[in-house]
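Listed below, chain by chain, are the residues.
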Amino acid sequence: MSKPYYEFFCPVKTIAGHQALEHLPFELAALSCSRPMVITDKGVRGAGLLALVEAIFASSHAPITVVFDDVPPDSSLNTVRTAAASYRAHDCDALIAIGGGSVIDTSKAVNILVSEGGDDLLHYAGAHNLKRALKPLFVVPTTSGTGSEVTMVAIITDTDAGVKIPFTSYYLLPNAAVLDPRMTLTLSPLITAATAMDALTHAIEAYTGLAANPMSDAYATVAIQKVSRNLLAVMDNPQDAQGRLELAQASTMAGIAFSNSMVGMVHALGHSIGALCHLPHGMCMGILLPYVLEYNESANGDRIGELLLPLAGPEVYAATPQSRRPARAVQIILLLRDNLYQRCQLPRTLLETGKVSLEQLEAIADMAINDGSIIFNPKESDRGELLAVLRRAWGA
Amino acid sequence: MNRHRLRLLLLRLYVTVMLWVVGRALVATSRVDETVRAELACLPPGYQIQMRVLPAGPGFVVECLGDGTLKRAIVVKARPDLSIGFKHMAHAFLVFGFQESTARAFANDRMVADGDVSHAVLLVRCLNTMEALILPRAIARRAVKRYPALPLLEKTKKAARIYALITKNLLLLR
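These protein sequence lines map, in sequence, to chains A and B.
According to this note's numbering, the first sequence is numbered sequentially starting from 23.
According to this note's numbering, the second sequence is numbered sequentially starting from 1384.
In case anyone wonders, no lab produced these hints; they're calculated from the structure.
Treat the hints with caution; some may be incorrect.
Said to hold, decoys possible - In silico lysine-lysine, DSBU-like type, Cα no more than 35 angstroms apart, as pairs:
id, chain 1, residue 1, chain 2, residue 2
1, B, K1540, A, K401
2, A, K153, A, K25
3, A, K186, B, K1454
4, B, K1470, A, K157
5, B, K1538, A, K35
6, B, K1460, B, K1470
7, A, K153, B, K1538
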């Protein structure tokens, strides 16, 4: 593709591979850090993942100084303040986030407080309100979906006001992301499938959106290819470490893609369904993606058609006439969705989730029309069109 | 003065005039068009919206009255509730020269929004409606992502009222 102007930014070092975690103490030493604080949640500890990291650090020059494992699924200002107080009390000098999206966002927010001082996180809310580098932050994702390890955004809930507060700054980007397949081997089939569909959606929306650019395209297409080639294999053999590593890389690459070219209507609708119906994000993505692509086809069918190559491989791409490639790409995604349903009952429709009622669709459309992602969707949409897509995805 | 400086000066002049017009046109549209009024009605009284060229270029600030209508802000807050900033004068020219839609400009990293993102989305829709009303169809089609179904009579009547309100501002030097 060609574009008259774009920007692309990702300074996060990626450390990916088998035994990648063992490299972490070296990275800390390189930045003269010797008192790291680990931020995680009870699920990670319960799965035994923290014990692995602790063992690695115990044999290094910089054992973990303190572990904060009290991050809830939706992180709050209070959680951030408590974790920051613990960091200060133990005189730490670096942060290691081990977990999914909530843990990573919490760690980014804690980094604001421990670097800037004070307890008023809201002072830094919004876009680009940090003016200097923060403390070293390393991220070890334990799911392969959010891409938060390479984004400059953190979302923290203000529980008193009942709103989610976004923080956006280049300085929120971690120093490094560590992708080690051992951290995702214990993921359940359902979580594996849902998070992979989240990564696939990040990549596809990044590629088909209004803000796509040549650099993000490169990351997005490889991410799509990796998910397409490895997801079902991992579902059939959850201990497939190489497959897990491929999915982890896909998630990070999709994260780099969408943090530079944004997402579109799938996320606008998904954010609203998540807020109103409390449906897990990855589940929403997998359900909505094919229907939004069908809707967008009239605006950018050529770009959707190009997805057939990373989704299905060169033979299917070459054998499909250009005019039929967009529909075939959607078909391939629907087939993947059906295969995942057979393997782990990942819902195929909003109805199958049992959490979304037909009556809620109007409220979802009302909320989605003002979601920040909608502006980057290639096709302008009104409330009625959003409702029509939702009804297709509801699937009665 | 060399050619590049002259070009930048002319760009600045054009963008300054256009921001003057757009700020007043937005206020006028909020009084003339019920769709825009309905969109803005969710914003509280005193809510300020700024649009400007960064870091210290021309711009405008409008203030919500709480009923969906706007007025030009007389006392501007240190940090308006929603601020849309073009990163460069040339980027602003593309939008105000109607060569690029506001949504496309966001997508092309030409501007940054500071404030509630959902309000920025709402503002873009209001700007789209305003442009569809006051610009000839051929130009407006380039300025918005999708040109709305707009009967010619309605467009003409509303555009006339908006231009009348802008002219009144000009004559009264407001």
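Is the hinted pair K1470/B and K157/A satisfied, with a Cα-Cα distance of at most 35 angstroms?
-> 28 angstroms, holds
Between K1460/B and K1470/B, does the CA-CA distance stay at or below 35 angstroms?
-> 21 angstroms, holds
Given the hint that K186/A pairs with K1454/B, does the C-alpha gap stay at or below 35 angstroms?
-> 30 angstroms, holds
Is it true that the CA of K1540/B sits at most 35 angstroms from the CA of K401/A?
-> At roughly 29 angstroms apart (the allowed maximum being 35 angstroms), K401/A and K1540/B satisfy the hint.
Quickly compare the C-alpha distance for K153/A and K25/A to 35 angstroms and report which way the hint goes.
-> 30 angstroms, holds
Is K153/A close enough to K1538/B, meaning Cα to Cα at most 35 angstroms?
-> 46 angstroms, violated
Hinted pair K1538/B and K35/A, Cα distance within 35 angstroms | The given pair, whose Cα atoms are some 54 angstroms apart, is violated under the 35 angstroms limit.
Taken one by one, the earlier hints fail for this structure at numbers 5, 7, listed in ascending order.
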